[in-house]
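Residue numbers (this note's numbering), protein chains in the order written: chain A, 100 to 458; chain B, 100 to 458.
Simulated from the structure, these hints should not be mistaken for laboratory data.
All of these numbers come straight from a predicted model, not from anything done at the bench.
A few of these clues could be false.
Any copy, or any two copies together, can satisfy a pair, since identical chains are not distinguished.
What the hints assert, rightly or not - Keeping only pairs whose Cα atoms sit at most 20 Å apart, straight-line, the calculated SDA-like set for lysine to any residue is:
id : residue 1 : residue 2
1  : 326       : 139
2  : 216       : 130
3  : 450       : 427
4  : 216       : 132
5  : 248       : 196
6  : 456       : 324
7  : 456       : 446
8  : 128       : 217
9  : 141       : 449
10 : 104       : 158
11 : 449       : 117
12 : 216       : 129
13 : 456       : 385
14 : 104       : 180
Number of protein chains: 2
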Amino acid sequence: MRTVKDIMIKNFNVVTLGDSIACAYQKMKASNIDTTIVLDKKAQCVGLITIWDLLKAKALSYPFDTTPVEEIMSFPVVTITEDSSIEESISLMMNNRIKNVVVVDSDQRVVGLISAKAIVECEECIVNNKISCTIGRPYKIAIIGGTGKQGRGLALRWGKGGHHILIGSRSLENAKKIAEQLRGNLNSIGVEPKIEAGLNSEVVKDAEIIVLTIPYQSIEELILSIKDGLHEGQIIISPVVPLKMSDGGEMGIERHRISAAEKVYLMTKPLGPETVAAFHTIPAANLSRIEFPLNFDVVVAGNDAKSKKVVMKLISQIPNLRPLDGGSLKNAETLEYLTSLAINIGRKYKKPTIGLKFI
Amino acid sequence: MRTVKDIMIKNFNVVTLGDSIACAYQKMKASNIDTTIVLDKKAQCVGLITIWDLLKAKALSYPFDTTPVEEIMSFPVVTITEDSSIEESISLMMNNRIKNVVVVDSDQRVVGLISAKAIVECEECIVNNKISCTIGRPYKIAIIGGTGKQGRGLALRWGKGGHHILIGSRSLENAKKIAEQLRGNLNSIGVEPKIEAGLNSEVVKDAEIIVLTIPYQSIEELILSIKDGLHEGQIIISPVVPLKMSDGGEMGIERHRISAAEKVYLMTKPLGPETVAAFHTIPAANLSRIEFPLNFDVVVAGNDAKSKKVVMKLISQIPNLRPLDGGSLKNAETLEYLTSLAINIGRKYKKPTIGLKFI
Chain A
100 MRTVKDIMIK NFNVVTLGDS IACAYQKMKA SNIDTTIVLD KKAQCVGLIT IWDLLKAKAL
160 SYPFDTTPVE EIMSFPVVTI TEDSSIEESI SLMMNNRIKN VVVVDSDQRV VGLISAKAIV
220 ECEECIVNNK ISCTIGRPYK IAIIGGTGKQ GRGLALRWGK GGHHILIGSR SLENAKKIAE
280 QLRGNLNSIG VEPKIEAGLN SEVVKDAEII VLTIPYQSIE ELILSIKDGL HEGQIIISPV
340 VPLKMSDGGE MGIERHRISA AEKVYLMTKP LGPETVAAFH TIPAANLSRI EFPLNFDVVV
400 AGNDAKSKKV VMKLISQIPN LRPLDGGSLK NAETLEYLTS LAINIGRKYK KPTIGLKFI
Chain B
100 MRTVKDIMIK NFNVVTLGDS IACAYQKMKA SNIDTTIVLD KKAQCVGLIT IWDLLKAKAL
160 SYPFDTTPVE EIMSFPVVTI TEDSSIEESI SLMMNNRIKN VVVVDSDQRV VGLISAKAIV
220 ECEECIVNNK ISCTIGRPYK IAIIGGTGKQ GRGLALRWGK GGHHILIGSR SLENAKKIAE
280 QLRGNLNSIG VEPKIEAGLN SEVVKDAEII VLTIPYQSIE ELILSIKDGL HEGQIIISPV
340 VPLKMSDGGE MGIERHRISA AEKVYLMTKP LGPETVAAFH TIPAANLSRI EFPLNFDVVV
400 AGNDAKSKKV VMKLISQIPN LRPLDGGSLK NAETLEYLTS LAINIGRKYK KPTIGLKFI
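Work the whole structure out from these sequences, hints included.
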C-alpha cells in the first residue's frame, strides 16, 4: 500500500526566518509549487507560506522585498511522518482545512511536503471505503411503498449490506418487477442480495423493520391495510413528510396537531410496534443510485431507546451516513419541517441533492 | 488603474451539471488551472470545483467517472463584475476565505475567473488602501439585549469589520460597561472599533439594523419600549427562539400560532421596519469569542428581498459564515425548531458549540 513517502514532494521550497516574502514568492514561481516551508535557524519547520498568505500580504500592502516571511506565514504547521498512510494525510487535511501537510522524519526534520493535489493526482492511491461488511446479524426489512425512489434506494443500500429485503406494494406485479430490477442492479456490481417482493399486507408479517416510504396522505389507508401483520418487537421507520406546495410556489408543511411520525405511532402502538422517525433529509435521488455515496447526517427521533439504537445501527451500515440521536419522537416534527426547508434551499441554489451535517 | 478585467483568466474551465468529476479533473489537469466553473443548462454559474473538492471526493471514495460534479461542487459562488477594482476582489477573497472569484458581465454571464495567484503575480496591481474586513459601507447596527453572549458576539464580529455598533440595554450602566469591555477586547488585537452604548429606546432611533438578542418572553415589552424609534428603512433581525424545557429535560419549542420572527414582524411592520430571521443556529459561545472561527451556515428567512440581501451581506462579512436564502418569513418557524434540535443533539454528543451546514 502506498504511503506518504511515495507521493510526497521531495524538492520542496524552503526559506528561513528573516528571508523576505519576495524570496519565498520567487521560489514558488520558479518551482510551480504553491507552498514554501519556513525553517528556523535550527532547521525546524515553523511555518508555511501559501498563495493565501501572499494574497494577505498584498491586501495589507506589505512590501514583498522588505517584509520578512514571519509576518505573513501560516502557523502552526501540521506535520505527518513519512510512513503514514494516505488516508491519514487526507484526514489531517480535511480536519484542519488545509491543502498541504509537511512530512517529517522521526527526528522532526522536514523531508517532504504532501499536497491535496498530489493525492488527487495519484491514481494508485486507493482510499478504502470504510464499509463495515460485518453488519452483525441481517435484519428482515419490509419496505412499504418500496417501488418509489426512496424505497428502492434503501433496498439497494441495505440489500448490498446483506439484509433481507422485502419490497412491498399494493400491486404484487409492481413489487416483483422492482425487486427483480434491484437484484439486477446489485448483481451487476457483484453482489447477490436477498430481495423479495409481496403485497404490503403480506411483507409486514415476518418483517422486523418496516419502512414507510409513502406519501403523508396514504398513512391511514396503509396502516389499516397492514394492521393484521403488526405485532410487538417490530420497528416502524417513518421518513414521511406532509409536504405541501404553498401558493407562492415555496415548499411548506401541512400543519397538523402532530407530526406524521407521531400519527404513525398513535395508530400502530396499540398493536405492538415502536415507531422511529428517520431519513427525512436524505435526497431520494442520491439514495436510489447505488454508485452515489451519501455524505450526510441522519437525525433519528423516537421514544423507545432500544428501537432507536437498532435504526441508528442500520443507518451507520450505509457508508458515510452518520446517525445522530435527535431525542424523543416529538422532535420528528422538526425533522419534517427541516425537509421542506432543505428542499427550498436546494431549489434556490440549484442543488436538488442537498442534505445536511451538524458540525 | 487595473481592474478585474485586466488580470482575469479568460480561458477558464467549464463543466455543466451532470458532467462527471473526472471530466472536471481532466480539464483542470490539462489547463493547469486549479478550478472549474460549473454551469447549469441556462449557462448560469451554480458552483465551482476546486482541488479541495476533488480531495473531498477522493476521501469519500466517490468514483470520479460516475459521480456528477454537483455532488462535490462548492456553492454558492462568489461573483464580481469585470470593471471592479483589484481591491474589491481581494476583499471578497479574504472575507469569504476563497481563492477564486467568478467574473460576470452585467447579464450575470460568466466572462472570466480571477484567482489569488493572478493577483499575487500581477506586479502592476498596487493595492493602495489596506483592505479592511468590511465590504462596502459600514452599517449602524443596534444590538438590543446586547449585553448577552449572542449580542456581544455579533458586536465583536461586526465591530471588528468596521461597522458602527450600538449596544442597547434596559440599563444604561450595563450597556456602557459591556461596550467598554468589547472595545477593550478589540483594542487588544489592534482594532479600533466604533462601539457605543445606550438605552434600548435610544439606540434604535438612528440604527439601520436592529438585532433582537432577547428572550422570546420579552418580545412584546421590548417592542413597546422601542416603538417610537422604529421607522421605514430599518431592518430588524430576529434570532429569537421560543425555547422551552420539557418535563423530560429535553429542549423544545413553545408552540404558538406563529413563529417568534413572525410575531416581531406583525408587531413592527405597521411602523415601517422589515423583519429578517437569522442567526438561530450559530452557537453563542463561539460567537462571543473573537478568536474562534465560525464555520457554519446561517439560513435567512424574510419576505422583503432587499432586506434579506443586506442581512446576507452582513453575515458573509463574518469570516467563514455562509448565508443561505431560506425563503419567506414563514420558514422562520423551521429555523426556530431547528435550534432546539441542535441544542439537544449538542447536549447528547457533548458538543455545546454545534451548528450546521447544508451540503
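Do the hints match the structure? See the list:
With identical chains, the CA atoms of residue 326 and residue 139 are never at most 20 Å apart, being 46 Å at best within one copy and 47 Å at best between copies. Proximity of residue 216 and residue 130 under a CA criterion of 20 Å is satisfied in both settings, with 15 Å inside one chain copy and 14 Å between copies. Taking CA atoms no more than 20 Å apart as the test, residue 450 paired with residue 427 passes between copies only; the shortest distance there is 19 Å, against 30 Å inside one copy. Taking identical chains as interchangeable, the C-alpha atoms of residue 216 and residue 132 lie at most 20 Å apart whether they share a chain (10 Å) or sit on different chains (12 Å).
Proximity of residue 248 and residue 196 under a CA criterion of 20 Å is satisfied in neither setting, with 25 Å inside one chain copy and 27 Å between copies. In this assembly of identical chains, residue 456 and residue 324 lie within 20 Å of each other by CA distance neither inside one copy nor across copies; the values are 36 Å within and 40 Å between. In this assembly of identical chains, residue 456 and residue 446 lie within 20 Å of each other by CA distance both inside one copy and across copies; the values are 18 Å within and 16 Å between. In this homomeric assembly, residue 128 and residue 217 come within 20 Å of each other (Cα to Cα) both inside a single copy, at 18 Å, and across copies, at 12 Å.
When the C-alpha separation of residue 141 and residue 449 is checked against a cutoff of 20 Å, the pair qualifies only between copies, where the shortest distance is 12 Å, while the shortest distance within a copy is 45 Å. In this assembly of identical chains, the alpha carbons of residue 104 and residue 158 lie at most 20 Å apart only when taken from different copies (18 Å versus 36 Å within one copy). Only between protomers do residue 449 and residue 117 lie at most 20 Å apart by alpha-carbon distance; the minimum there is 12 Å, versus 39 Å within a single protomer. Within a single copy, residue 216 and residue 129 get their C-alpha atoms as close as 18 Å, and across copies as close as 14 Å, so both meet the 20 Å cut-off.
Taking identical chains as interchangeable, the C-alpha atoms of residue 456 and residue 385 lie at most 20 Å apart whether they share a chain (16 Å) or sit on different chains (18 Å). For a Cα distance limit of 20 Å, the shortest separation of residue 104 from residue 180 inside one copy, 8 Å, qualifies, whereas the shortest one across copies, 44 Å, does not.
Checked against the numbered hints given earlier, the structure breaks hints 1, 5, 6 and satisfies all the rest.
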